[in-house]
Structure formats: C-alpha cells, structure tokens
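Note that the protein sequences, when read in sequence, are chains F and Z.
At position 53 of the first sequence the residue is numbered 53 (my numbering), and the sequence of numbers has no breaks.
All you need for my numbering is the position in the second sequence, starting with 1, plus 1000.
In case anyone wonders, no lab produced these hints; they're calculated from the structure.
Just so you know, not all the hints are guaranteed correct.
As the list claims (entries may be wrong) - Selected chain F positions facing chain Z (Cβ under 8 Å, derived; list incomplete):
hint: 1; residue: 6
hint: 2; residue: 10
hint: 3; residue: 14
hint: 4; residue: 76
hint: 5; residue: 118
hint: 6; residue: 134
hint: 7; residue: 179
hint: 8; residue: 188
hint: 9; residue: 203
Claimed, not checked - Some chain Z residues flagged as far from chain F (calculated, every beta-carbon gap over 12 Å):
hint: 10; residue: 1090
hint: 11; residue: 1133
hint: 12; residue: 1171
hint: 13; residue: 1172
hint: 14; residue: 1222
hint: 15; residue: 1225
Quick caveat: nothing in here was measured; it's all calculated off a predicted structure.
All C-beta atoms in this analysis are idealised placements derived from N, C-alpha and C, irrespective of residue type, glycine included.
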Amino acid sequence: MKKILPLIVAISSALFVIVGIFFKESLSGWLSVVLNWAIVLSSVALLVVLARLLITHIGYITSGRQGFIYSLVAVFAFLFTLIAGFLAGIDNPAYLKWIAGILRPLETALLGLVAIVMASMSIKFLRERGWNALTISFTISAFIFLILGLGLVQAIDYAPLKQVIRAIEGLPMIGARGLLIGVALGAILMGMRVLIGAERPYDD
Amino acid sequence: MSLPDLVLGIIGLALTVMVFSYLIKDNVFFGIALYLLVGVSSGFATLLIIRSVILPMLISPLTQPGTQAFYLALVPLLLSILLVLMLFKRGSRMGRIPLAFLVGVMTAMALMGISRGTLAPQVLSIFYWFSPGIVAGWSAIRWWGLVEGIAILIGVVAVLTFFEDRQRKISHKSPSSPLLKGVSKVGQVFLGVTFGALFVGILSSALIALIGNLSAIVDFFSHLFAG
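Only chain Z is shown next, with the shape it has when bound in the complex (with noise of 0.2 Å):
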C-alpha cells in the first residue's frame, strides 16, 4: 500500500466514524465532518463553474474584440457585475434586473418542459388504456387491460382530490362533501403505496451505501495488516 493511500484510507475511516457518531449523539465531530463535506464541494463546485462556464462562455468570447461573440458577451458580463453588486448593501437592488432575466428564462423553460415533458405524457398514458386499439386489441375486448385502466384513472382522480380536500383543510375553507371525503381516502391509500415503494426504494440504495462503506474500511484493514 503507498503512501497517498494509507492517508487517505485513515482519512476515510476517520471520517466515517465522525459521521456514524451521530447515532450515540449529535457532537462535534459530526459537525465538522458535514462541514467539511460543505467546504470540499462548494470549492469543488465553484473551481468547476469557473472551468466549465465562466472562461469558455464569458471570459474567452471578451478576448476577442471586435468579433460578434464579443458583443453578444458583453450583455452577460453587465448582468453579471449586477449580480455581484448583490453583495454589497449599496448594490443589492442592482442584482433584480438579472435576477428578473434569470427568472423570466427559467420560467419559460419550466412551463413547456412541464407541459410537454409531464403533463401531456402522463395524461396521454392514462387514456392510452381507453385507445380502441388497446381496449379491442385485434379480435376480442381485453377486460384485464380496461380494469387496468379504469384503476389509474380513479387512483389518479382520487389522489388529485386527496390534494384538494388537504389544501381546504389548511386554508379553513368550508368542507368537501362525504363524497369527496372518501374518494379523498383512496387517494391516500394510491399515495400510501406510492410512499411505502419510494421509502422501500431508497431504504435498500442507502443500505447497499452502507455495506459498500462498510466493506471498503475491512478491506482497508486487511490490505494494511496483509502489508
């Protein structure tokens, strides 16, 4: 085992153990390993931004005057001096005019990417069991097919009213009929089953993190004792 290794093998039991003493109490060691986690990544992160974006599309188009790509950088370059006026006092109103800019894009974005990204798929699946061609299939009605169907869409309608009845609840508004009531209760149950697969699905990926860890520090400490 080199040098380099066995630091960084100690290095990573330390901070395993820092992070699994969280069990006994929350301390100090489990404080400074997250914020070292914090430190590492947002240096990392921000030594990536600088690599990846700022020099190819801010810095490198401005070392060519004269060009177009120069002038169509300039109007990133200002926004950008807006945005780091942000932080002082004097120019935090500054920073809206981008931050408008930045919003007015992303919401443009959000709203054909969920339109014709989310909802439409998810819609035309549901009536896709109702299509004649799947309902009839080639010769007789595939009952199994359209018992499928009809399921998501009650479950669907059921959990979209589960919504709305909790939404009355918070905002104290009168309350939903009986009817709505129990349809609402089958949204739970469609929700609940959704939750109980979702908290199984992430359960098992952080309890296979959790063995590979734990087999990586046995490995550590029979590669070092192997010599």
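Extracted from the complex, chain F is given alone in its bound form (with noise of 0.2 Å):
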C-alpha cells in the first residue's frame, strides 16, 4: 500500500490533467484549481529545499566542518536578505537597491568569467577530443560565426554574398531541430514511462 499509493495519485494526476487539456472546455475550471494546487506545492517544495540547505550549512558552522566559512557567509547572507525583506517590504527601492548593489556585480563578474573560461575550455576540448568531425565542424563553424558576429561581411553590397550568408546562418538551425526533436522524443519516452509507471522518481 506504501508504494501502491503515490503510483495511483502521480498517474491519475497525470490523466486527469491529459484529459483536462483534451476537453478544456467543460473541464477547465477543475483544471485550473488542480494547477493552482500543483503551483502551490511546487512552490512549497522549493522552500522545503531551501530550509534543507539552510539546515545543511547550519550543520558545518555547529560541527566546524572544515571549510565552514563559506557556510557562514551563506547563512548570514540568507538570513539578512530574507529579515530585511520582511522588515522593509519587498517593493522598498532602497532594499531592493542594495539586492541589486549585490547581485549584479557577482553576475556579471561570473559572466565575464565564464567567457575567459569557456575560451580556454575550448581549446583544451580540442586537444584532448583530437581533429574529427565534431571537433572540425565546431572550430571552423566558431571562427565563420565569429566573423559573421562583427557584422563587417554583411555590409558588402552583394547579392550572391548576401545569399550565401543567409544559408550559412540557417546551418546551426538544422543541428538544432535534430537536437529538439532528439530531447523531445526523449522526454516524451520518459513522461510515458511516469505514466504508466515503469519510472518513479517520487520514490528515491
């Protein structure tokens, strides 16, 4: 019965909502009060997640876990954001100033980095995946993108050019569908194994 019950809410969840979304019209009211459920408890796990990883970092500042400081800057961090919220008001231009005044110089520092980084990945991928036709297809394709990105090729006034580029900038399109319709076949294989039961990821 312990495991006999979550399989029968998470499959009849799943068709009350396929057959919701088949026949809207007389069953959408009842639709939208079960996403609003869904919304809600999706919410309120995000939050339980939240208080786990609070309860985690607790755990190393207590046991002095090496390493702890960093938990120790989480902690406070989280803590003072989320009183001074409550104590301001989330709409307060000042608190949500200094949010900002914290967040966006770690962002896009991050950012920066990532393309220092990424730049320096790529050449590793190259050296250790060797030259085939991957590695061929994404430098040549990185460099011809790369140009393309300055702009200085578009504005030669030539139509057979114009042409060209056209076809070159719809290439990256059809790797791409192959790649969507790839996830999505997979993805659709997974839900139906949810549906019928042969996954269940509620039970780990």
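Hints are included, so try docking the two chains, each in its own frame, into the full complex.
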C-alpha cells in the first residue's frame, strides 16, 4: 500500500491533466484548480529545499567542518536578505537597490569569468578530443560565426554574398532541430514511463 | 555621489575583484563571493515565493472560512504539511504523496507541452519545405527551396542517427552498419556547426557582460575622483 498510493496519485493526476487539456471547455475550472495546487506545492517544495540547504549549512557551522566560513557567509546572507526584506518590504526601493548592488556585480563578473573559462576550455576540448568530424566542424563554425558576428561581411553590398551568408546562418538551425527533436522524443518516452508507472522518481 | 552609492560601488568593486581572483587560483575570496551569491539569491527567492505564491494562493483563502476557496485550499495545505515533514527523518516517507502528485501534473504538462509545442512544430517545419505551395510556388519549381528542405531533412535524420550510434556505443550494443556510421558522421558535422554557433553566441554575451562590468568600475572611479 505504501508504494501503491503514490503510484495511484501520480497516474491519476497525470491522466486528469491530460483529459482536462483535451476537454478544456467542460473541465477548465477543475483543471485550473489542480494546476493552482501544483503551483503551490512546487513553491512549498522549493522552500523545503531551501530550508534543507540552510539546515545543512548550519550543521556545518556547528560541527566546525573544514570550510565552514563559506557556510557562515551563506547563512548570514540568507537570513540578512530574508529579515531585511520582511522588515522593509520586498517593494522597498532602497532594499531592492542593495540587493541589486550585491547581485549584479557578482552575476556579471561570473558571466565575464565564463567568457574567459569558455575560451580556454574550447582549446582544451580540441586538445583532448583530437581532430574529428565534430571538432573540425565546431572550430570552423565558431570561426565563421565569430567573423559574421563582427558584422563587417554583411556590410558588403553584393547580392550572391548575402545569399551565402543567409544560407550559412541557417545551418545551425538544422543541428538545433535535430537536438530539439531528439530531446523531445526522449522527454516523451520518459513521460510515458512515468505515466505507466515504470519510472517512479518520487520513490527515490 | 551619495554615501549609499559610494558603499555600493565599493562593494561591487570588491565583489568583482573577488570573482576574478579565480583566474589566479581557486581561493577563499572566490568561495566567499559564490556563497554570498547563493545566500542572497536564495533569501530573495524565499521572499518572492512567500509573497507571490504562498500568501495569495494558500494563506489568503484559508482566512475566509466557509467559502469554496477555503475548502479548495485545504488540499494543498495538507499536501504542503506532508512535504514539510520531509525535513524530518520520520516524516520523509510521507512526502512521497505530494511529490507523486507534482510528478504526475508536471509529466502531463510536459507531455502535452513538448508534443504540441516542440515536436509537432519542428517536424511540421521540416515538411513545410516539401509542401506543393512552397515547392511549385506560383508557376515554376523553386529548386533552391527544395535543396534547402532536403538539406534540413538529411541534417535532422543524421543528427538523430548520431544519437542512436552514440547510445549503441555507450550501452555496448553491436556496432552500427557502415552506412549508419557514415550518416552519423554527417550528423556530427551538423552538431559541430550548431555547437560552434552556440559557443560564439554565449561567448559574445559573456564578453559583453565582462565589458559592461569593467566599464561600470571605470565609471565608479571617474565619479569618485570627479567628486
């Protein structure tokens, strides 16, 4: 019974949503109720995950584990942001300015770091994988799109060249389409496995 | 420059230097900057969730006893309590019911969304190039459109064959036929082209962020010294 009940809940809720989407006119009211429950529950699940994160870091601090200073920073920053937000109000411009003043430089600096790391990783990738169809096409494509990204070639007013550029710019869409279709087929397969109870992620 | 702006500018500068110190070596300052990001963003996310979802969709209906909204809010309340019990060892099994409900709803939404929003449009956009209206146009056959359509069809089939070939290698199944291996190589070329273009796109965005960050630091110093 302990294993059957979650299975029944998962399959019946999935079937209800699918039926509700197909028969929207008669079931739209109940469908929106169920979707609202799902929104509330996913938010509570996220809060539970954040609480678990906080508890784990507090555990690291109290046990004095190596690198507990990082946990101290995370817990202090979490509590400070939360309490200040409750006291000042989340819409308070001064509060938002301080939060943005901390988050924006961190995020942009990390993104800048990503640029440098990505450039070095691409060279490492080529060294480790050697020259094959994937790496050669990757390198040529990156080189061509870097040049096209400068916008200088597009400035040349020559009709056949413009047509060639248009064809080149359309090439990545072919691989992207293959990727999207592959991912979609995989996701549908996984969804069907959940629907028939062959996959039970809630049991793990 | 006002005092809060000055303090925020100094904090921003310090945080930027702390993040870029990673380029020398993975060090304590970089770790502190990362954990600060985790702490502040998770605290802000908690506030947003409570304000935008929990209060209006769960707590507010529960303050109106006897109404339909009140009774409808009892179900997520009960399921939420079961979820919260997962924080304690004894209650961890109880959380499987709300999780199963969430998995069920998300699976159904994903199935419908992906089949109607991704798979069908992508497949239809391939067949679009072979529709009589596009191929024949108004009078003569449009060869360039047909060539483009065939290239797209071959590319997509080749990419999917590459995935199949790779899966065979991972699961140690019998090797593919030489024809499939050849098609898989073509798929690799198309994937390489896509990844190359994606790489350039991400790299450019990251570089723009880097330049923006550096120019903000320059602006801060020029404002500071200008008084």
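These are the hints, each one checked on the structure:
1. 6: holds (4 Å)
2. 10: holds (4 Å)
3. 14: Hint on residue 14/F: holds, closest Cβ of chain Z at ~4 Å, below 8 Å.
4. 76: Interface hint status for residue 76/F: holds (7 Å vs cutoff 8 Å).
5. 118: Status holds, d = 6 Å.
6. 134: It holds, given that the least Cβ distance between residue 134/F and chain Z is near 4 Å, below 8 Å.
7. 179: holds (7 Å)
8. 188: holds (6 Å)
9. 203: holds (7 Å)
10. 1090: Residue 1090/Z clear of chain F: closest Cβ-Cβ about 14 Å, beyond 12 Å.
11. 1133: holds (20 Å)
12. 1171: holds (15 Å)
13. 1172: Nearest chain F Cβ is 20 Å from residue 1172/Z, so the label holds.
14. 1222: For residue 1222/Z, whose nearest Cβ neighbour in chain F is about 17 Å away, the distance exceeds 12 Å, so it holds.
15. 1225: holds (20 Å)
Violation of the numbered hints given earlier is absent; every hint is satisfied by the structure.
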